[in-house]
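Asker: For reference, each letter of the sequence shown is one residue, going 37 to 490 in the numbering used here.
Warning: the hint list may mix true and false statements.
Claimed, not checked - Derived CB-CB ranges, DEER-like:
# : residue 1 : residue 2 : range
1 : L348      : N185      : 53 to 63 Å
2 : E192      : K373      : 47 to 57 Å
3 : Q478      : V319      : 27 to 37 Å
It should be emphasised that the hints constitute simulated quantities derived from the structure, not laboratory data. A virtual CB, placed ideally from N, CA and C, is assigned to each residue, including glycine.
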Amino acid sequence: MKTEWNEECAVVGVYNAQNAASIAYYSLFAMQHRGQEASGIATSNGEKIITIKKNGLVTEVFCDETLNKLKGFSAVGHNRYSTAGNDSIADAQPLFARYDLGEIAIVHNGNLTNARQIRDELIKEGAIFQSYMDTENLIHLIARAKQENLIDRIKEAVLRLKGAFCFVILSRKKMFVIRDRYGFRPLSLGEIVNSDGSKGYVVASETCAFDLVGAKYLRDVEPGEMLIFSKNGMESQSIMLPNPHPCVFEYIYFARPDSRVFGRLVYDIRKNMGEELARENPVEADLVIPVPDSGVAAALGYSRQSGIPFELGIIRNHYVGRTFIEPTQQIRELKVKLKLNPIRELIENKRVVVIDDSVVRGTTSRQIVKILRDCGAKEIHMKISSPPTISPCYYGVDTPSREDLISAKMSHQEVCRFIGADSLSFLSVEGLKRSIGVENYQYCQACFDGKYIV
Numbered sequence: 037m038k039t040e041w042n043e044e045c046a047v048v049g050v051y052n053a054q055n056a057a058s059i060a061y062y063s064l065f066a067m068q069h070r071g072q073e074a075s076g077i078a079t080s081n082g083e084k085i086i087t088i089k090k091n092g093l094v095t096e097v098f099c100d101e102t103l104n105k106l107k108g109f110s111a112v113g114h115n116r117y118s119t120a121g122n123d124s125i126a127d128a129q130p131l132f133a134r135y136d137l138g139e140i141a142i143v144h145n146g147n148l149t150n151a152r153q154i155r156d157e158l159i160k161e162g163a164i165f166q167s168y169m170d171t172e173n174l175i176h177l178i179a180r181a182k183q184e185n186l187i188d189r190i191k192e193a194v195l196r197l198k199g200a201f202c203f204v205i206l207s208r209k210k211m212f213v214i215r216d217r218y219g220f221r222p223l224s225l226g227e228i229v230n231s232d233g234s235k236g237y238v239v240a241s242e243t244c245a246f247d248l249v250g251a252k253y254l255r256d257v258e259p260g261e262m263l264i265f266s267k268n269g270m271e272s273q274s275i276m277l278p279n280p281h282p283c284v285f286e287y288i289y290f291a292r293p294d295s296r297v298f299g300r301l302v303y304d305i306r307k308n309m310g311e312e313l314a315r316e317n318p319v320e321a322d323l324v325i326p327v328p329d330s331g332v333a334a335a336l337g338y339s340r341q342s343g344i345p346f347e348l349g350i351i352r353n354h355y356v357g358r359t360f361i362e363p364t365q366q367i368r369e370l371k372v373k374l375k376l377n378p379i380r381e382l383i384e385n386k387r388v389v390v391i392d393d394s395v396v397r398g399t400t401s402r403q404i405v406k407i408l409r410d411c412g413a414k415e416i417h418m419k420i421s422s423p424p425t426i427s428p429c430y431y432g433v434d435t436p437s438r439e440d441l442i443s444a445k446m447s448h449q450e451v452c453r454f455i456g457a458d459s460l461s462f463l464s465v466e467g468l469k470r471s472i473g474v475e476n477y478q479y480c481q482a483c484f485d486g487k488y489i490v
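Generate coordinates for the entire structure from the input sequences, incorporating the hints supplied.
Answerer: And the structure:
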């Protein structure tokens with residue numbers, strides 16, 4: 037069972053670029069945090085599409101030999117964390133298919149809320165599915181569409197879909213990028229300059245990918261927008277009426293702090309959250325320490341606002357992987373110690389404020405409090421830089437059911453007793469809004485209030 041939030045997926049698209057596969061590779065490497073189960077890249081040289089995908093991290097799937105096989109001026113890539121489907125290689129992306137107009141490869145970040153309904157309809161019509169992913173619905177819809185050209189087929193297919201989606205679709209000569217009308221998941225557009233002076237394009241889930249490959253950030257792909265890349269350049273069409281409700285949890289946890297998400301720098305917003313948390317929930321203490329890595333920026337903000345010294349009192353081991361996913365309780369308890377190790381000399385006999393991004397089931401927070409107690413902490417005040425999580429997400433994030441969300445069934449005081457802290461505080465919804473600092477706040481926060489957009 038999962039005890040914390042899990043990232044959705046990362047997508048990248050590259051068009052009119054020398055070494056398109058390499059650009060896709062490094063972009064996926066920069067976005068590895070968004071998915072670690074599988075990675076894949078498909079490229080086109082104008083005549084055919086070649087796809088390589090495999091379970092594992094980007095560096096495990098690709099090497100010089102495999103990248104050399106991916107020739108072409110355009111590419112799409114994907115890092116997978118399963119939100120729908122299984123862990124088999126059939127459920128890795130890109131999805132590739134041959135159909136009456138040629139060849140196509142698709143990558144997808146998000147989750148379709150009407151996927152089961154469409155899948156059942158397609159199966160009744162005779163469609164044969166090769167995977168359990170909702171993404172495969174789109175390939176069948178495109179192949180069965182009545183329109184004569186691919187652009188119109190994509191439009192017809194996408195307009196049948198509900199939920200969260202960022203699609204990057206590669207044909208042999210073109211690339212198509214579509215973002216759902218709500219803009220739940222982030223998708224940004226960048227520009228690269230080739231050695232001959234010509235311009236190419238990169239789209240990616242996060243702008244940290246642009247930094248690594250030397251692309252210039254241009255703008256976000258708009259909700260409801262479709263971008264069409266061809267030898268004539270880039271064309272933009274609005275194919276759905278926009279109703280922006282981007283996912284607020286990208287700011288809290290999912291995105292890298294050095295990324296611009298929904299047009300704003302994640303690092304700044306997380307520091308603001310820490311400052312708001314200190315204003316709303318002051319406490320006398322000796323140290324502020326983050327739960328690494330997502331709690332670091334918020335802890336810096338809390339320290340700056342409160343005047344309590346900041347220390348890296350818990351050190352994270354970044355090399356703990358799936359080797360330790362075992363079904364026994366003993367190993368589950370050991371996992372936290374393997375991943376997080378406190379510095380006794382800093383913590384012993386100290387009143388400690390611990391900053392984390394969220395509490396999901398509460399089991400990880402409980403184990404963190406325990407290892408701090410074992411190090412001799414005098415007091416432990418747990419501060420959470422987001423409101424209590426009371427509802428699961430259906431828009432592309434792998435979250436527990438409502439029954440497994442501790443704040444959905446316990447009061448703050450009961451959660452505090454469960455995790456064993458001296459006090460527990462959450463950032464308020466109003467504090468979250470002030471941290472983001474936009475005049476027209478329209479973010480999806482269904483995980484905090486249970487109000488689903490779709």
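Asker: It remains to establish, for every hint, whether it holds in the given structure.
Answerer: Right, here's what the structure says about each hint:
1. L348 <-> N185: 53 to 63 Å: Holds, at about 56 Å.
2. E192 <-> K373: 47 to 57 Å: Between E192 and K373, where Cβ atoms are some 53 Å apart, the hint holds.
3. Q478 <-> V319: 27 to 37 Å: holds, 33 Å
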